[in-house]
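**Student:** One-letter residues, chain by chain:
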Amino acid sequence: RSGEMAKLTQLIDNEVFRAYATYTTIVLLKMMLMSLITAYFRITRKAFVNPEDTASFGKGESAKKYLRTDPDVERVRRGHLNDLENIVPFLGIGLLYALSGPELSTALLHFRIFAGARIVHTFAYLIPLPQPGRGLSWAVGYAVTISMAYKVLKTALYL
Amino acid sequence: RSGEMAKLTQLIDNEVFRAYATYTTIVLLKMMLMSLITAYFRITRKAFVNPEDTASFGKGESAKKYLRTDPDVERVRRGHLNDLENIVPFLGIGLLYALSGPELSTALLHFRIFAGARIVHTFAYLIPLPQPGRGLSWAVGYAVTISMAYKVLKTALYL
Amino acid sequence: RSGEMAKLTQLIDNEVFRAYATYTTIVLLKMMLMSLITAYFRITRKAFVNPEDTASFGKGESAKKYLRTDPDVERVRRGHLNDLENIVPFLGIGLLYALSGPELSTALLHFRIFAGARIVHTFAYLIPLPQPGRGLSWAVGYAVTISMAYKVLKTALYL
Numbered sequence: 491r492s493g494e495m496a497k498l499t500q501l502i503d504n505e506v507f508r509a510y511a512t513y514t515t516i517v518l519l520k521m522m523l524m525s526l527i528t529a530y531f532r533i534t535r536k537a538f539v540n541p542e543d544t545a546s547f548g549k550g551e552s553a554k555k556y557l558r559t560d561p562d563v564e565r566v567r568r569g570h571l572n573d574l575e576n577i578v579p580f581l582g583i584g585l586l587y588a589l590s591g592p593e594l595s596t597a598l599l600h601f602r603i604f605a606g607a608r609i610v611h612t613f614a615y616l617i618p619l620p621q622p623g624r625g626l627s628w629a630v631g632y633a634v635t636i637s638m639a640y641k642v643l644k645t646a647l648y649l
Numbered sequence: 491r492s493g494e495m496a497k498l499t500q501l502i503d504n505e506v507f508r509a510y511a512t513y514t515t516i517v518l519l520k521m522m523l524m525s526l527i528t529a530y531f532r533i534t535r536k537a538f539v540n541p542e543d544t545a546s547f548g549k550g551e552s553a554k555k556y557l558r559t560d561p562d563v564e565r566v567r568r569g570h571l572n573d574l575e576n577i578v579p580f581l582g583i584g585l586l587y588a589l590s591g592p593e594l595s596t597a598l599l600h601f602r603i604f605a606g607a608r609i610v611h612t613f614a615y616l617i618p619l620p621q622p623g624r625g626l627s628w629a630v631g632y633a634v635t636i637s638m639a640y641k642v643l644k645t646a647l648y649l
Numbered sequence: 491r492s493g494e495m496a497k498l499t500q501l502i503d504n505e506v507f508r509a510y511a512t513y514t515t516i517v518l519l520k521m522m523l524m525s526l527i528t529a530y531f532r533i534t535r536k537a538f539v540n541p542e543d544t545a546s547f548g549k550g551e552s553a554k555k556y557l558r559t560d561p562d563v564e565r566v567r568r569g570h571l572n573d574l575e576n577i578v579p580f581l582g583i584g585l586l587y588a589l590s591g592p593e594l595s596t597a598l599l600h601f602r603i604f605a606g607a608r609i610v611h612t613f614a615y616l617i618p619l620p621q622p623g624r625g626l627s628w629a630v631g632y633a634v635t636i637s638m639a640y641k642v643l644k645t646a647l648y649l
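Sequences listed follow chains A, B and C, in order. Under the working numbering, read the first sequence as residues 491 to 649, first letter to last. Under the working numbering, read the second sequence as residues 491 to 649, first letter to last. Under the working numbering, read the third sequence as residues 491 to 649, first letter to last.
The set of hints was computed from the structure by calculation and includes no laboratory data. Treat the hints with caution; some may be incorrect.
For chains that are exact copies, the list does not tell them apart, and a pair is met inside one copy or across any two.
[Unchecked claim] In the EDC-like style, the derived pairs of lysine to aspartate or glutamate whose C-alpha atoms are separated by at most 20 angstroms in a straight line are:
{"no.": "1", "residue 1": "Lys-644", "residue 2": "Glu-593"}
{"no.": "2", "residue 1": "Lys-641", "residue 2": "Glu-542"}
{"no.": "3", "residue 1": "Lys-549", "residue 2": "Glu-564"}
{"no.": "4", "residue 1": "Lys-644", "residue 2": "Asp-503"}
{"no.": "5", "residue 1": "Lys-641", "residue 2": "Asp-503"}
{"no.": "6", "residue 1": "Lys-555", "residue 2": "Glu-505"}
{"no.": "7", "residue 1": "Lys-536", "residue 2": "Asp-562"}
Computed from a prediction, not measured in an experiment: that's the story for all the values here.
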């Protein structure tokens, strides 16, 4: 058993893999933060979607008026969905990239730029910053993922 | 080739990794079930979104009336999206956590509580249960993921 | 350090794992393409959702009219969400399946059919093809994922 464990921890002891673990955890935690921000805006704007969520505001019509959409809530939800659309590819392609034997410095460059771009994207979406702020931050994260995908296919291609 | 295979299967022979594989597969299958429930409600409520999906109901206006939203369909879709938002972080952070060398009993506790919380969340959303049922089940899964993220960053942090 | 690297690259040298890496990267890139197609339709149809995205069309009412939904944009977005709902389970279950020691030919069959089904699904959604074209392509990808999940649970089950 401890022999197996030793082999497993070799993976987590590898510096490229540790960097992947660190930045993946950071961007996933950032994505999870969107749930809390959505909840915050739903409560402060009193804008809910499920009838059972407005029960504490009373019954009937007095509660029903809080079943509505709010621009701030919808904005956070769009940011959350954009995270899913971009962080899921990073999760998968980044893992394969980390296992494809990149140089540590190159890998760190990819992971840091991706994480930075997604954090900037969130601020650009929520403040919001004028375009092309949000567009550029999205494109940078996208390009990093494409670059990692290229390395994975170059190293591992088996059709 | 068989030497490589032996090394690969060492990963799947590790008990913590097997537990991760089991519970991840369970929650992903549970998430996939949401597609079937959505399809079931779309068909029984006759509520579709794509014109080509209503072609079997005839042409023109007679089919067009089934291009509508239905509260039950929308409820399942919200549950499905909530699964994506919460199970994707579990997928990534849970994998890194399983590789970070946790105690088997601690890992099992995390995986079991997360899977249980997400199953309760689905029932709470679909029945629906009065709040804070759904909110609490969501928070429990969220907290488990944060706890695993903490262990990953403590073990692997490499910025 | 180079000893660790050697061990890591053993994973990527395994043929089943290389096949997983290849097909996962392909379906994730295909999913990422949906972002570009959405942007293309938003720009050509002039249908935006964020006020800051319409600033280049002028100020006030002249720009506000481009804050609207467009059927083609919404169709691509539904295809993108369907990808997320189906490719996330493939990402997780496929990885565990690749580590569960399947025959190379069986694994290739699973990965190829899944990737093919998702590509057909995208064309079926965007053209659109008459049903049951889209429904069948969705079901094929779904069935492949269930088949891999069965193998994972049979090999690794640890509750």
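**Student:** Are the hints correct? Go through all of them and say.
**Tutor:** Quick rundown of the hints versus the structure:
no.	hint	verdict
1	Lys-644 to Glu-593	within (15 angstroms within a copy, 24 angstroms between copies)
2	Lys-641 to Glu-542	neither (49 angstroms within a copy, 35 angstroms between copies)
3	Lys-549 to Glu-564	neither (25 angstroms within a copy, 22 angstroms between copies)
4	Lys-644 to Asp-503	between (25 angstroms within a copy, 12 angstroms between copies)
5	Lys-641 to Asp-503	between (22 angstroms within a copy, 14 angstroms between copies)
6	Lys-555 to Glu-505	neither (54 angstroms within a copy, 52 angstroms between copies)
7	Lys-536 to Asp-562	within (11 angstroms within a copy, 22 angstroms between copies)
The structure is inconsistent with the numbered hints 2, 3 and 6, although it conforms to all the rest.
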